[in-house]
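K.L.:
As a plain string of letters, each chain reads:
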Amino acid sequence: MQDNLFKINETEYILPGSRACQGCGLTLAYRHMLKALRENTVLTIPASCLCVLHGLYPITPVTVPCLNTTFASTAASASGIAAGLRALNKTDITVVAMAGDGSTYDMGIQALSGAAERTTDFIYVCYDNEGYMNTGTQRSSATPMGAITTTTPILTKEHSKKDFVRIMEAHDLPYLATTSPAYPIDLYEKFVKAKRIKGTRYMHIYSPCPPGWMFPAKDTVRMGQLAVETGIVVLFEIEDGKFRFTGRSKTMAERGKKQPIINYVGKQGRFRKMSIEQLNRLQAWVDSRWNDYLRKAEG
Amino acid sequence: MADVRILTGNEAAALGVKLCRPNVVAAYPITPQSQLAEILSRYVEGGEMRAEYVRVEGEHSALTVCISASTVGARTFTATSSNGLLYMHEQLHWAAGSRLPVVMCVVNRGVGAPWSIFNDQQDSLAQRDTGWIQLYCRDNQEIIDTIIQAYWIAESLYIPVMVCYDGFVLSHTMMPVDIPDAEEVRGFLPPYKAHTLLTPEAPRTINSVLFPWRRLNPEGVLCDGYMEMRYKLQAAMTRAHGVIRKANDDFAGVFGRDHGGLVWKYRCEDAELVFSGMGSIANEATVAADLLREEGIPAGVAGVRTYRPFPREEAAEALRGAKALVVLQKGLSYGYEGCLTSDLKAALYGTPLLIPVVDVVAGLGGRDVKAREIAGAGRDAWKDLQAGKLENRSLWLNCYTGEDHAG
Amino acid sequence: MDEKSVKRDLNVSALCVPAKGEAGRTGDWRDFRPVIDHKKCIPSSKNKAACFLCWLYCPEGVVKMSIPVEIDMDYCKGCGICAEECPPNAIRMVREGENDG
Chain B
1 MQDNLFKINE TEYILPGSRA CQGCGLTLAY RHMLKALREN TVLTIPASCL
51 CVLHGLYPIT PVTVPCLNTT FASTAASASG IAAGLRALNK TDITVVAMAG
101 DGSTYDMGIQ ALSGAAERTT DFIYVCYDNE GYMNTGTQRS SATPMGAITT
151 TTPILTKEHS KKDFVRIMEA HDLPYLATTS PAYPIDLYEK FVKAKRIKGT
201 RYMHIYSPCP PGWMFPAKDT VRMGQLAVET GIVVLFEIED GKFRFTGRSK
251 TMAERGKKQP IINYVGKQGR FRKMSIEQLN RLQAWVDSRW NDYLRKAEG
Chain H
1001 MADVRILTGN EAAALGVKLC RPNVVAAYPI TPQSQLAEIL SRYVEGGEMR
1051 AEYVRVEGEH SALTVCISAS TVGARTFTAT SSNGLLYMHE QLHWAAGSRL
1101 PVVMCVVNRG VGAPWSIFND QQDSLAQRDT GWIQLYCRDN QEIIDTIIQA
1151 YWIAESLYIP VMVCYDGFVL SHTMMPVDIP DAEEVRGFLP PYKAHTLLTP
1201 EAPRTINSVL FPWRRLNPEG VLCDGYMEMR YKLQAAMTRA HGVIRKANDD
1251 FAGVFGRDHG GLVWKYRCED AELVFSGMGS IANEATVAAD LLREEGIPAG
1301 VAGVRTYRPF PREEAAEALR GAKALVVLQK GLSYGYEGCL TSDLKAALYG
1351 TPLLIPVVDV VAGLGGRDVK AREIAGAGRD AWKDLQAGKL ENRSLWLNCY
1401 TGEDHAG
Chain G
2001 MDEKSVKRDL NVSALCVPAK GEAGRTGDWR DFRPVIDHKK CIPSSKNKAA
2051 CFLCWLYCPE GVVKMSIPVE IDMDYCKGCG ICAEECPPNA IRMVREGEND
2101 G
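Chains as they are written, first to last, in my numbering: chain B, 1 to 299; chain H, 1001 to 1407; chain G, 2001 to 2101.
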């Protein structure tokens, strides 16, 4: 094994042969997230792509302990783990809840908001592939406007993507960060930082999904990069209320350059029916939010 | 030296929980359970009870917290009623399928719609298929004693246990309760040992999807399909009869109180008209039985303490001299009949006992059930029996069921 | 199957143990496999630690950060991300059943 160029923990925590799709953005993100969190971690997950990645009985490819739970209850399950470990004086273990956008934005929002309000000591990770992908790519409130999904097959999704990260910002968390598997080092560093912080930490992972977003599996990293280059996804962290751009978004903010969203939207089959009006609305929203973040960064 | 106090059912329950020293308590308030949750939080904040108290944002989360805390090795407790129990229904199945010894008090209350805040047992009866052990308490003494036994039973079998007691009728009514000694409880109840621990020391993924078929693992063990795993729960439920009896008898040995195990009997030995029921209504039936005895009617009560696993043999045995059975219940399976009625009829099926069964739905939504009303139903059944015209029938006690109320 | 000779599953709840190949030999999923031209590959051609973006971006973690770079073909799903991201285009996706050359 050569010098560790990337300064990333080289241990692999996902053994080969998992059930995830070819080119899965979640798998890439999860691989680096576990490298950052290491062995002394306990996870809880709902029914999801991640649950399938974690394998069917009696084998799992993941070498970190994980408890399955029902779709609405991921954050409550983490609350119980945290409470149990605290009651038994095992407070050095990192508790992680990891759920998709469906189980976070929609059914899981109550449990997450409750756990955050109680300042539960855990990391909540939402991997956002913008739909209920595990059950066959149906729409969720995280699906962007104009996207085709199996439950918005003809008219496309008429409503905007819910700005969930802003909802979590309103919970006054000690640490909140957005990440992407297309920028693994940025993702890794944020999870290393999150592990050290106490209280409720919220991590958002924008996970490109080849079958759901309708692009070839080889383009997963490219798609994730385009999301950031166009401002659809903004990489940042908020630590104790202080907003900070990171990685590629930081560079973009400094240089004042952002690609038009058509460069991203135009490459995915799910947007092939998007109307000009929807495109313009989405561009306007991306621009407006980008300016909000620029203002926030100035403090 | 007995420590007898005058307590409500909720107070007795809270003391019972404190004596069992759970590590994690999670509860969401709902009438008539709220005082139980409040007293427990007072114990925790006042330092009388060392537990993590998670003030969850809903009942579904309350049971979820208990499930995951139990998986990391904590002894857990929650309580609820009515729609709160319905809200956590999915997690009831999850806890049983996970084989976790969660103990929960259900303070029985009618379910919506329409709303009722008053007592009936539809809430817990509707959960009888979930794989939880269900124990019904007659009075406040039984509440505190049954909670202690519940942990013993749950942790021996790895099956969650529901301790049910009637809302307001017991939860808010004061009765004398002999408080078990804390040291003796500690001796009776060994520390909780999880069958599987969620821990980095031995990483496992727990409760993933199971295939319909069995599957070899890398070590050559033929691992269960979903059906085998579920069979194990049923098999454990079958073993539960013996464990519940033992818990009852061992408890009686230490604390001097025998609550009947699976089925308790009142004047059954020579009874020909037998009442059956669960919880406080069955207690009331003993008063009715005494009234009938004064009239020369040989009445008795076979009270079902353990509803699940259903005590098929004990029930048939308790009824062996009966010529008529009057089943009282505060709930039913809509479209059929009272839940306990069906289960008792099934218990008698295949035995020589072919007796008429009167299915009585009583006390829904807190309608008061008086001993003389129960006696009245028994008297009518006895009269018809003597005239040779008693057949299986259903009646709604003290309820208007006229033709114009056909729905 | 002879039920008597089988080792029994004694778990009371579903516990999965970590192992490779949960979904079988996922190399069988491939239509295309990655083929590395080590003359173009930066660490291979320079014989020192460099680049290794294929290791970084492989979702499955089947790329070995070694010189020469190796890919575990039993489990590579053939997604093609490594080929797409390789800066000197040292990786080609070749249809299974065809020659590397």
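Hints were generated in silico from the structure; no laboratory data involved. Be a bit skeptical, because a hint or two may be false.
Below, computed lysine-lysine pairings styled on DSBU-like, alpha-carbon distance capped at 30 Å [to be verified]:
1) G:2007 x B:7
2) H:1193 x G:2007
3) B:161 x B:257
4) G:2048 x B:218
5) B:7 x G:2046
6) H:1345 x H:1389
7) B:218 x G:2039
8) B:218 x G:2007
9) B:195 x G:2020
10) B:296 x B:250
11) B:7 x G:2064
K.L.:
For the pair supplied as a hint, residue 161 of chain B and residue 257 of chain B, confirm whether the alpha-carbon distance does not exceed 30 Å.
P.N.:
Given that 30 Å is the threshold and the Cα spacing comes to 24 Å, the pair holds.
K.L.:
Quickly compare the C-alpha distance for residue 1345 of chain H and residue 1389 of chain H to 30 Å and report which way the hint goes.
P.N.:
holds, 19 Å
K.L.:
Run the distance test for residue 7 of chain B versus residue 2064 of chain G: straight-line Cα separation, threshold 30 Å.
P.N.:
Satisfied, since the Cα-Cα distance of roughly 16 Å is no more than 30 Å.
K.L.:
Tell me if the straight-line CA distance from residue 218 of chain B to residue 2039 of chain G falls inside 30 Å.
P.N.:
Roughly 23 Å separates the two Cα atoms, so the pair holds.
K.L.:
Check the hint pairing residue 296 of chain B with residue 250 of chain B against an upper bound of 30 Å on the C-alpha distance.
P.N.:
holds, 13 Å
K.L.:
Against the 30 Å threshold, does the CA-CA distance of residue 195 of chain B and residue 2020 of chain G hold or violate the hint?
P.N.:
holds, 27 Å
K.L.:
Given the hint that residue 218 of chain B pairs with residue 2007 of chain G, test it: the Cα-Cα distance must not exceed 30 Å.
P.N.:
Not satisfied, since the Cα-Cα distance of roughly 43 Å exceeds 30 Å.
K.L.:
Keeping to a limit of 30 Å between CA atoms, is the pair of residue 7 of chain B and residue 2046 of chain G held or broken?
P.N.:
holds, 21 Å
K.L.:
Quickly compare the C-alpha distance for residue 2007 of chain G and residue 7 of chain B to 30 Å and report which way the hint goes.
P.N.:
Given pair residue 2007 of chain G, residue 7 of chain B is violated - Cα atoms ~45 Å apart, limit 30 Å.
K.L.:
Assess, step by step, whether the Cα of residue 2048 of chain G is no farther than 30 Å from the Cα of residue 218 of chain B, and give holds or violated.
P.N.:
holds, 27 Å
K.L.:
Do the alpha carbons of residue 1193 of chain H and residue 2007 of chain G lie within 30 Å of each other, as the hint requires?
P.N.:
holds, 25 Å
Violation of the numbered hints given earlier is confined to hints 1, 8; the remaining hints are satisfied by the structure.
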